[in-house]
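Protein chains: 2
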Amino acid sequence: MTQEGGLLPQWRAPLESRLLLLLSPEISTRCEASKLHLSRLWAAMRHGVLNGGKRVRGLLLMGAARATGADPLSQTSLDLACALECVHAFSLVHDDLPCMDDDALRRGQPTVHVAFDEATALLVGDALQTLGFELVTSCGAPPERCLPMVRSLAQATGATGMAGGQAVDIGVVGQTMTQAELEDMHRLKTGALIRAAVQIGALAGPHGSDSQAFGALTRFAELLGLAFQVVDDILDAQSDTQTLGKTAGKDRENGKPTFISLLGPVASRDYAAQLHVQALAALETFGAEADPLREIAHALTRRAH
Amino acid sequence: MTQEGGLLPQWRAPLESRLLLLLSPEISTRCEASKLHLSRLWAAMRHGVLNGGKRVRGLLLMGAARATGADPLSQTSLDLACALECVHAFSLVHDDLPCMDDDALRRGQPTVHVAFDEATALLVGDALQTLGFELVTSCGAPPERCLPMVRSLAQATGATGMAGGQAVDIGVVGQTMTQAELEDMHRLKTGALIRAAVQIGALAGPHGSDSQAFGALTRFAELLGLAFQVVDDILDAQSDTQTLGKTAGKDRENGKPTFISLLGPVASRDYAAQLHVQALAALETFGAEADPLREIAHALTRRAH
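Keeping their order, the protein sequence lines are chains D and H.
In terms of this note's numbering, the numbers along the first sequence are unbroken and rise by one, the last being 305.
In terms of this note's numbering, the numbers along the second sequence are unbroken and rise by one, the last being 1305.
For the record, the hints were derived by calculation from the structure and aren't laboratory data.
C-beta atoms are modelled at their ideal positions from N, C-alpha and C, and glycine is treated no differently.
Check before you lean on any hint, since a few could be wrong.
Label-pair ranges, simulated between beta-carbon atoms [as the list claims (entries may be wrong)]: (1) Pro-1025(H) <-> Glu-284(D): 51 to 61 Å; (2) Ser-1211(H) <-> Pro-110(D): 21 to 31 Å; (3) Gly-52(D) <-> Glu-1284(H): 48 to 58 Å; (4) Arg-30(D) <-> Arg-1030(H): 50 to 60 Å; (5) Pro-1143(H) <-> Ser-24(D): 25 to 35 Å; (6) Gln-278(D) <-> Glu-1032(H): 25 to 35 Å; (7) Arg-1040(H) <-> Gly-215(D): 45 to 55 Å; (8) Ser-39(D) <-> Glu-1032(H): 41 to 51 Å; (9) Ser-1074(H) <-> Gln-278(D): 41 to 51 Å; (10) Gly-287(D) <-> Ser-1211(H): 27 to 37 Å; (11) Gln-212(D) <-> Gly-1140(H): 43 to 53 Å.
Okay, derived cross-link-like pairs now, DMTMM-like style, lysine to aspartate or glutamate, Cα gap no bigger than 20 Å in a straight line [what the hints assert, rightly or not]: (12) Lys-54(D) <-> Glu-16(D); (13) Lys-1054(H) <-> Asp-1079(H); (14) Lys-1035(H) <-> Glu-183(D); (15) Lys-35(D) <-> Asp-117(D); (16) Lys-54(D) <-> Glu-284(D); (17) Lys-35(D) <-> Asp-1079(H).
Please put together the full structure from these sequences, using the hints given.
Written out as structure tokens, the structure reads:
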């Protein structure tokens, strides 16, 4: 992703349009007081989601749908992709709060609690998590396919996934970790949702229930998720705030263990490249239908922000 | 509910046991760092849920399941009741945070951010919301019944329900509201989840898809939810902190509109009694199978805390 909007623009544009539509509902109450404050909540939700994010999770979901024979631009695929982006945005909004990372800047814009207020940011995160579940539930896939998707999202989001990883993350500040421990933390904190994005996408496709295809895509997602985190650490250590769109060097400043602090920059770069190769190898049984996934993997390991 | 644990103890005991079990999972990672911090997160989640709550939503769900012909003590009913209690507890944990109501006391115990820390309380709420969805998804009901349950929970929890109501609640501090506006706010903030509890319970029963029964139970839930809120306002204005188990008089102190500030204590008490009668009338087509729901309605409108 050498430039903003450069990755799969033919998928990203409809994804952005769908997100805007879903985050701009008609507010059904006739009470003016409710209407005013609900409108503000939705405006804050849009601020948290529609901010030029890379849409990695949404695009991965669409890529996995494509790889298993589904139309990545169907309403079902798009709504599922939007669900993943809402859940990801929820985690960022809460992660930026003063009691967590206390970050004022996200993708070059003021974070939700800065642009609005802390209580609103808390509710924005809560409501975006719920919206993610609602979108999966209403995506139009048959119930027997839809339910495993909801389960996959739940397992990736809560204490057994993302929230658990964040609890580890705030617990290990200032401590040294082994590489196995660091990877275990990232498997929860960022890996689980990336894996769920690919698995949910695979469940949308007619060939997604083929256990070999599902297993290969899961392995691809796990390796890519780890590569993504290693690259994140490299960028955080080396970029400036303007390029990154968020406060750079925060991890080091906060005494958080990273791949850079553990392996140094050269070995980290080698490791990211090696994970990239392994991720592509996991897709070797797929033909051109997995090219979008390969393109995402390539962009993510070569990105500059 | 004149004494703690007095309401439907034969249902409440297995509900509490199931909650304890679900909130004490084996932590699967072998990494010591992760294990330590994940254990702490689960301990904080237990603190947020297992604190002598009245279990109104869980018991209402079980009562609606019973009223529509399901076994209220089946694993499906219990897991669904636990899901509602997790979502309710999530809302309380976030509501108590310094950026919201800033409350140090809940059911006579220190709130999660006081007993642990603010970041942990944030993650506890997030993880409890997710767990609620996961429990519904895994409750064992057939997918075509389960999916509407998940949808009902999502619509009651997010911006179109509880989170939306909280956004209105923090927006109207210090403002005057009409009774219609106040009721509209409570319909979102507390009513939606009470309604979802009854609707999800009804969906678990073999007669729950009967639209007349479903409609009657929905009406019961809406009237009871409102009665519950009116009684809450009366108790908040009249009780002391020790009886209430949470800081009393906070609403008045915070300049929040309440039924007391709008109607005064006498008319508020009359209104609660009238809503109670209407809620019971909504159940008139039901026989003894709805007695537990009647018992809950009775206890909630006569409670002292």
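Do the hints match the structure? See the list:
1. Range check, Pro-1025(H) to Glu-284(D): Cβ separation about 36 Å, and the 51 to 61 Å hint is violated.
2. For the pair Ser-1211(H) and Pro-110(D), the beta carbons lie near 48 Å from each other, so the given range of 21 to 31 Å is not met.
3. Restraint check, Gly-52(D) to Glu-1284(H): a C-beta distance of roughly 57 Å satisfies the suggested window 48 to 58 Å.
4. A hinted range of 50 to 60 Å holds for the C-beta pair Arg-30(D) and Arg-1030(H), which are about 56 Å apart.
5. Range check, Pro-1143(H) to Ser-24(D): about 31 Å between beta-carbon atoms, so the 25 to 35 Å window is met.
6. Between Gln-278(D) and Glu-1032(H) the CB atoms are about 27 Å apart, so this pair conforms to the stated range of 25 to 35 Å.
7. Between Arg-1040(H) and Gly-215(D) the Cβ separation comes to about 33 Å, which falls outside the hinted range of 45 to 55 Å.
8. Under the hint 41 to 51 Å, the C-beta atoms of Ser-39(D) and Glu-1032(H), about 48 Å apart, fit the expected range.
9. Between Ser-1074(H) and Gln-278(D) the C-beta distance comes to about 46 Å, which sits within the given range of 41 to 51 Å.
10. Hint check: Gly-287(D) to Ser-1211(H), Cβ distance near 49 Å, so the stated range 27 to 37 Å is violated.
11. Hint check: Gln-212(D) to Gly-1140(H), Cβ distance near 29 Å, so the stated range 43 to 53 Å is violated.
12. For the suggested pair Lys-54(D) and Glu-16(D), the alpha carbons sit about 11 Å apart, so the restraint of at most 20 Å is met.
13. Restraint check for Lys-1054(H) and Asp-1079(H): satisfied, since their Cα atoms lie roughly 17 Å apart, inside the 20 Å limit.
14. Note on Lys-1035(H) and Glu-183(D): the hinted pairing holds, with a Cα-Cα distance of about 14 Å set against a maximum of 20 Å.
15. Restraint check for Lys-35(D) and Asp-117(D): satisfied, since their Cα atoms lie roughly 18 Å apart, inside the 20 Å limit.
16. A C-alpha spacing of about 26 Å is found between Lys-54(D) and Glu-284(D), which places the hinted pair above 20 Å, so the restraint is violated.
17. A threshold of 20 Å between alpha carbons decides the hint, and for Lys-35(D) with Asp-1079(H) the separation of about 35 Å lies outside it, so the pair is violated.
When the structure is compared with the earlier hints, violations turn up for hints 1, 2, 7, 10, 11, 16 and 17 and for no others.
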